[in-house]
Amino acid sequence: MIMNKLEQYKKEKQTYDAPSFCIGDTVDVSLKITEGNKERIQVFTGTVIALNAAKTNGSFTVRHLHQGQGVEKVFPLGSESIQKIEVKRRGDVRRAKLYYLRDRQGKAVRVREKI
Amino acid sequence: MATGILGKKLGMTHLFVDGKLVPATVIEAGPCPILQVKTVEKDGYSAIQIGFGDKKKSRINKPEAGKAAKNGKAVKQVVREVRLDDGQEVDVEKDLDVNIFADVASVDVVGVSKGRGFSGVVKRWGFGGGRASHGGDWERKPGSIGMCADPGKTIKGKKMPGQYGNKRITMRNLQVLEIDVEKSLIVVKGGVPGPKGGHVFIRSTNKLG
Numbered sequence: 045m046i047m048n049k050l051e052q053y054k055k056e057k058q059t060y061d062a063p064s065f066c067i068g069d070t071v072d073v074s075l076k077i078t079e080g081n082k083e084r085i086q087v088f089t090g091t092v093i094a095l096n097a098a099k100t101n102g103s104f105t106v107r108h109l110h111q112g113q114g115v116e117k118v119f120p121l122g123s124e125s126i127q128k129i130e131v132k133r134r135g136d137v138r139r140a141k142l143y144y145l146r147d148r149q150g151k152a153v154r155v156r157e158k159i
Numbered sequence: 039m040a041t042g043i044l045g046k047k048l049g050m051t052h053l054f055v056d057g058k059l060v061p062a063t064v065i066e067a068g069p070c071p072i073l074q075v076k077t078v079e080k081d082g083y084s085a086i087q088i089g090f091g092d093k094k095k096s097r098i099n100k101p102e103a104g105k106a107a108k109n110g111k112a113v114k115q116v117v118r119e120v121r122l123d124d125g126q127e128v129d130v131e132k133d134l135d136v137n138i139f140a141d142v143a144s145v146d147v148v149g150v151s152k153g154r155g156f157s158g159v160v161k162r163w164g165f166g167g168g169r170a171s172h173g174g175d176w177e178r179k180p181g182s183i184g185m186c187a188d189p190g191k192t193i194k195g196k197k198m199p200g201q202y203g204n205k206r207i208t209m210r211n212l213q214v215l216e217i218d219v220e221k222s223l224i225v226v227k228g229g230v231p232g233p234k235g236g237h238v239f240i241r242s243t244n245k246l247g
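Chains as they are written, first to last, in the working numbering: chain A, 45 to 159; chain B, 39 to 247.
A portion of the hints provided could be inaccurate.
[What the hints assert, rightly or not] For the chain B half of the interface with chain A, some residues (derived, Cβ under 10 Å), not all of them: (1) LEU48; (2) MET50; (3) HIS52; (4) PHE54; (5) ASP56; (6) LYS58; (7) LEU59; (8) VAL64; (9) GLU66; (10) GLU216; (11) LYS221; (12) LEU223; (13) VAL225; (14) LYS234.
Worth flagging that the hints you see were computed from the coordinates, not collected in a lab.
The C-beta atom is built at its ideal place from N, Cα and C for all residues, glycine as well.
Go ahead and model the full structure; you've got the sequences and the hints to work with.
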């Protein structure tokens, strides 16, 4: 009973539909960055290694390798800062969470492409 | 206008406010019937008694039933008194709802925090504890509690193990993010004391700035 009312409220507040990307996809996330009174768009490219979209208030994690150093960003779904999410490449993976990529370097980081 | 209302914590979520993600607590508050009015002439001070939540019939005792029969209102689970300014008028027939906070920017929320029982210093006060290896021998102990012959006693207020939680806590100056009169919901920024389903009292804040 208690959870129902809260879940109902969360559902009403949900600002996003089911995402168009999947785990393992390589995506371009266009972020709106505000510096002082200036705005610019920054693109963060990487592999989606986690996606919590089943529940309300979902989020997804994108992992990017910058000069061999792993960088991860967690984005809330429905964020107003995200201007656009573009899928560059579909990934063929067998797991729901690709945390094993964190332990890998170089060629081993690659995810097979879904054809 | 009366300044307080009773409610039930539904739980937490997050919302986008001006493009920023903020933590929020959803509280189901009211409608609270006014069960009794206390006046300066009769009681020496001015206040109203408000109730919230239905009470099971088998849990109602005779004094409660008698009072309910007298004022013609259902017996409520939680009853609380709210002080009024002397001479402040209230409409007894009209239930208090979240609309009383319609033009209020921030509120205080009073609740009973989650009880953690008799807790040690690491949980209760965030002490670091000792090392687990190399013969540490005091993993979660409080350590020294004072000096030597001078002062010869443990200073007052020393943080020690003891009962933690299950205590009345007031969160002050919580920003009101949203009010839904139809569903009796009030959404405040940040957390409020107590578990989900715990009863809370909400009043307009008296903290300045």
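Hint by hint, here is what the structure shows:
no.	hint	result
1	LEU48	holds, 4 Å
2	MET50	holds, 8 Å
3	HIS52	holds, 6 Å
4	PHE54	holds, 6 Å
5	ASP56	holds, 9 Å
6	LYS58	holds, 9 Å
7	LEU59	holds, 6 Å
8	VAL64	holds, 5 Å
9	GLU66	holds, 6 Å
10	GLU216	holds, 9 Å
11	LYS221	holds, 8 Å
12	LEU223	holds, 7 Å
13	VAL225	holds, 8 Å
14	LYS234	holds, 6 Å
The structure agrees with every numbered hint stated previously.
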